[in-house]
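Protein sequences, first through last, are from chains A and B.
Heads up, the first sequence is in my numbering, so the first residue is 166 and it goes up one at a time.
Heads up, the second sequence is in my numbering, so the first residue is 166 and it goes up one at a time.
Hints in this document: simulated from the structure, not taken from any laboratory.
Just to be clear, a hint being listed does not mean it is correct.
[Stated by the list, open to error] If you want a taste of the chain B side facing chain A, the calculated C-beta under 10 Å gives, among others:
#1 H178
#2 H181
#3 G184
#4 L222
[To be verified] In silico negatives: residues of chain B with every beta carbon more than 12 Å from chain A:
#5 G179
#6 E207
#7 K251
#8 T449
A virtual CB, placed ideally from N, CA and C, is assigned to each residue, including glycine.
Number of protein chains: 2
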Amino acid sequence: AGKITKIFITHLHGDHFFGLPGLLCTISLQSSADTSPRPPVEIYGPLGLGNFIRRSLELSHSQLLFPYVVHELVPTSDQCPAEEFKDFSSLAQPEAAPPGAQGRRIHLDPEEDSYLLLEDEQLVVKGFRLFHRIPSFGFVVEEKARTGRLNVQKLQELGIPAGPLYGKLKTGSTITLENGLRVSPSDVLHHPIPGRKICILGDCSGIVGNAAVSLCFGADILIHEATLDDSQEEKAREHGHSTPKTAAGFAELCRVKRLVLNHFSQRYKPVALRASQGDATVATLLKAQAQEVFRGGDVTLAEDFLTIVIPMKK
Amino acid sequence: AGKITKIFITHLHGDHFFGLPGLLCTISLQSSADTSPRPPVEIYGPLGLGNFIRRSLELSHSQLLFPYVVHELVPTSDQCPAEEFKDFSSLAQPEAAPPGAQGRRIHLDPEEDSYLLLEDEQLVVKGFRLFHRIPSFGFVVEEKARTGRLNVQKLQELGIPAGPLYGKLKTGSTITLENGLRVSPSDVLHHPIPGRKICILGDCSGIVGNAAVSLCFGADILIHEATLDDSQEEKAREHGHSTPKTAAGFAELCRVKRLVLNHFSQRYKPVALRASQGDATVATLLKAQAQEVFRGGDVTLAEDFLTIVIPMKK
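Using the sequences provided together with the hints, build the complete structure.
In structure tokens form, the structure reads like this:
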């Protein structure tokens with residue numbers, strides 16, 4: 166836990182965020198030996214989260230040994246049934262935020278139809294809107310594309326000598342040769358190497374707006390809930406949840422490579438999800454229902470502590 | 166969880182109450198099939214707890230399928246170092262408490278030096294003050310004594326005929342025989358049968374006030390923390406915690422029958438606490454340190470899911 170630097174909360178149902186103050190205390194315990202100053206842990210989640218965290222830590226006299234900051238996504242009222250929408254915008258943000266740790270309120274970018282959570286040299290993380298009993302969000306974590314490899318054959322054809330000029334082209338500069346020829350990076354670089362893309366959706370019975378599909382398009386992994394099986398579709402929808410068909414339909418639409426289903430109702434016992442034979446009828450059912458719609462890709466049923474490795478592209 | 170009717174929180178450190186909103190949701194899930202009206206779940210804990218629960222449930226849109234009520238113990242400022250004392254008395258109690266579920270604020274009874282939490286025909290539960298980093302409480306759950314058995318020999322000697330008069334005497338009424346003799350229950354009943362007494366202390370480095378010893382005196386079980394072993398006594402005290410010696414000293418003073426130590430620092434691995442050989446050196450150490458002081462009684466090191474049966478007295 167001591168290595169966590171960013172935390173993302175999809176929505177404010179108890180089973181998705183009540184554990185957060187405790188997790189922060191655990192991070193604090195595990196980092197107590199480390200006295201070097203560290204950047205704040207950044208927490209992203211729906212409006213109201215900051216107040217909850219601050220109040221919980223205040224009430225429990227918890228003095229975290231690291232700074233943290235809460236950035237709050239402001240939902241729109243079409244993310245849940247009208248009667249369930251609560252406006253937490255008047256909830257005070259932490260009145261005693263540590264210096265430099267004042268969280269932002271992140272509003273929907275109306276042009277992009279998404280929330281820009283963070284961007285650095287390597288990564289972009291964006292949020293998009295889901296429909297649930299209360300406002301819920303999906304997150305896309307995307308690595309930026311890396312510069313393509315140098316096309317050595319082309320470099321040689323153009324008579325460019327190996328050395329510093331290669332470096333300039335590789336880092337994006339156009340160069341001019343002694344013979345007056347101008348060479349731009351795109352002339353001598355292979356295609357950029359795409360980064361990996363991971364999409365994680367909170368509880369939902371569907372998406373809101375048009376951006377989700379383009380944001381998730383071609384993702385290496387899409388993590389989508391499937392609380393109930395397809396025979397319970399009406400009940401699932403009524404509670405703001407999905408079935409394998411819903412999840413797989415979205416995966417198919419986005420042409421993702423791999424679909425991971427999670428958040429199964431307790432009626433589907435973990436052992437049944439894991440078993441490969443015998444008890445596996447229910448698991449087989451959930452998987453089969455997803456596979457029937459998501460013909461192109463791989464379906465995995467999540468279980469606790471599941472680890473999936475996504476290799477870097479070359 | 167669906168059978169829980171009362172919950173007691175010793176103090177407001179995160180590892181002792183952050184799980185409460187989640188527990189309430191679990192109780193709600195497990196009672197969802199049961200539509201019969203039920204009395205509210207009663208929650209007892211330090212001042213500030215009600216506000217936290219209400220806010221957590223409100224933020225998470227949790228609609229519990231049962232009523233609950235929070236009774237708050239008002240601590241005194243000598244229960245922790247002066248600089249740590251926070252006054253939560255201005256925190257609003259639940260503004261939207263369900264009808265009939267308005268919690269009480271329970272103040273220290275200055276004569277008894279204790280807090281009366283609940284009393285019914287069978288049980289009395291009282292709280293008393295502990296010293297910790299923040300105000301902490303101990304609880305005593307005591308069964309009321311049952312009326313002693315009838316002394317049939319005496320009844321016969323007095324010439325009282327078997328029948329309704331036995332019942333009157335047993336339920337506490339004085340009777341007058343035809344010959345004018347007045348017989349009171351104490352004349353013909355054996356001694357009352359004492360109830361069982363269980364004492365559970367929150368985190369503490371010691372007690373505050375004079376009532377704790379008399380409240381815990383002769384308890385069947387005393388559950389007391391021992392965060393660190395005796396060689397770390399100074400450090401334990403500094404953090405408001407106890408060692409086996411502290412715990413055993415209190416157990417000895419109260420002449421309890423059995424001492425259960427809990428809340429061990431992570432440095433004492435659970436496996437070491439459980440192992441009967443080999444790895445058991447640390448466990449042996451903690452137990453031996455307690456046993457050295459608490460010579461008269463039994464010492465148990467608690468572990469998760471430990472169950473202890475206390476038979477009714479006869």
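Okay, the hints, checked on the actual structure:
no. : hint : result
1   : H178 : holds, 6 Å
2   : H181 : holds, 8 Å
3   : G184 : holds, 8 Å
4   : L222 : holds, 8 Å
5   : G179 : violated, 4 Å
6   : E207 : holds, 20 Å
7   : K251 : violated, 7 Å
8   : T449 : holds, 26 Å
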